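S.K.: The listed protein sequences correspond, in order, to chains A and B. Under the working numbering, read the first sequence as residues 1 to 111, first letter to last. Under the working numbering, read the second sequence as residues 1 to 113, first letter to last.
Some hints here could point you the wrong way.
Stated by the list, open to error - Far from chain B, by Cβ distances over 10 angstroms, these chain A residues were calculated: (1) N7; (2) R77; (3) Q80.
Stated by the list, open to error - Within a straight-line C-alpha distance of at most 20 angstroms, the following computed EDC-like cross-link-like pairs (lysine to aspartate or glutamate) qualify: (4) A:K56 - B:D100; (5) A:K108 - A:D83; (6) A:K108 - A:E15; (7) A:K67 - A:E57; (8) A:K67 - A:D27; (9) B:K26 - B:E53; (10) A:K67 - B:D100; (11) B:K26 - A:D55; (12) B:K26 - B:D85; (13) A:K42 - B:E53; (14) A:K67 - A:D55; (15) B:K13 - B:D100.
To be clear, the hints were calculated from the coordinates, so they are not data collected in a lab. As the structure is a computational prediction, the values presented were derived from the model and not from experiment. Where a beta carbon is used, it is the ideal one built from N, C-alpha and C, also for glycine.
What follows is each chain in one-letter form.
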Amino acid sequence: QKEVEQNSGPLSVPEGAIASLNCTYSDRVSQSFFWYRQYSGKSPELIMSIYSNGDKEDGRFTAQLNKASQYVSLLIRDSQPSDSATYLCAVIFSGTYKYIFGTGTRLKVLA
Amino acid sequence: DAGVTQSPTHLIKTRGQQVTLRCSPKSGHDTVSWYQQALGQGPQFIFQYYEEEERQRGNFPDRFSGHQFPNYSSELNVNALLLGDSALYLCASRRDYGTDTQYFGPGTRLTVL
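Okay, chain B solo, but in the shape it has when bound (with noise of 0.2 angstroms):
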């Protein structure tokens, strides 16, 4: 039974750059939320992605943005990249029916330059 993957792992990136980066979730699962979890804090909630909508948004400006696809992965995508966006991205998956209960992917590592 497969678990959430994400990629990439690591990524390093300048300044004003933009990135992608993509989550599958676990086998089963059809809700994807993604977080941002900076050293030293709690993950921080992004966004909510089920049935390829956004169905909640947490306190994040529009330079983050998000997709979900039919086969239910998803998409974060951050624009104009600043030093604060450095962290660590983390994808969780959930069934929307029965348990609410969400697993973590392994995370990627963003450094912005």
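Same shape as in the complex, but just chain A (with noise of 0.2 angstroms):
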């Protein structure tokens, strides 16, 4: 069965600190790897996708991708109230079309 993991948290963090988010995934082939926010209540949006070893910034945000150690990652950089929310990590493994999702680890910045 392939798996994407997360800690559900709650991690809270403090405004302006630096918030880290870890996502495991099983399949050692996976090529495409994703980013999502969800707010309470509403549906996920996307935050970045990462394709290649190494790290990719955008903004606040900077995912790191390391596939040998089969690890993602998301940086966010001085962290405000409003990034309070669920970080999805999903993974799209290899011979297949379908997003396998982590169950998301719940953020809290706190002010």
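Both chains come to you apart, so use the hints to assemble them.
M.R.: And the structure:
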């Protein structure tokens, strides 16, 4: 069973700090990785995708991918209370079209 | 640029009934996937439609069926509703070529009583 795992949290960080969210996956051959943010009662919204090993930055967000260790992480710099949400990691495993999601990590940014 | 739209927003049904949910993909997108998200869980893949055919299916019973129309819009049908079918149903669309990034609609909240 191919899986994506995340710590459910909550992860609490003070305003202005760096929030670090982690995700591990079971299939070494996976190629596509995504981070989504989901506010309570709303649908997931895309933060970013990453396909190659290393870092990818977009504004205050940095995704990090390490295929050898089978993990992908998301760093949020200068965290704001408005960043408080559930962050979903998703992976497309090789040979499939479907996204496999983790259960999400709930982030709380304390003002 | 219109995003993914879904209807209805909320729906209340009773056990044993049937329901149809609708989705219009983002402009320029031709592939539609449906997900079920129970409270506190990540979205679970139901199936994906491309060129009006079901291209891949997740671990859902045959009570869940779908359709894609020539304009790429899609429907999700659920028969013989169970209490456990209560969830947020999400539609996501993407282009089949190029990036495999998908975008979600606002979802339909289904409550089965």
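S.K.: Against this structure, judge whether each hint is valid.
M.R.: Results for each hint:
1. N7: About 13 angstroms separates N7 (chain A) from the closest Cβ of chain B, which puts it past 10 angstroms; holds.
2. R77: holds (23 angstroms)
3. Q80: Its Cβ never comes within 10 angstroms of chain B, the nearest being 23 angstroms, so this holds.
4. A:K56 - B:D100: holds (17 angstroms)
5. A:K108 - A:D83: holds (8 angstroms)
6. A:K108 - A:E15: holds (9 angstroms)
7. A:K67 - A:E57: With Cα atoms ~18 angstroms apart, K67 (chain A) and E57 (chain A) stay inside 20 angstroms; holds.
8. A:K67 - A:D27: holds (9 angstroms)
9. B:K26 - B:E53: Within the cut-off at roughly 18 angstroms; holds.
10. A:K67 - B:D100: Holds: K67 (chain A) and D100 (chain B) sit about 18 angstroms apart, inside 20 angstroms.
11. B:K26 - A:D55: violated (29 angstroms)
12. B:K26 - B:D85: violated (26 angstroms)
13. A:K42 - B:E53: violated (29 angstroms)
14. A:K67 - A:D55: holds (12 angstroms)
15. B:K13 - B:D100: Not OK: K13 (chain B) and D100 (chain B) at ~34 angstroms, beyond 20 angstroms, violated.
Checked against the numbered hints above, the structure violates hints 11, 12, 13, 15; every other hint is satisfied.
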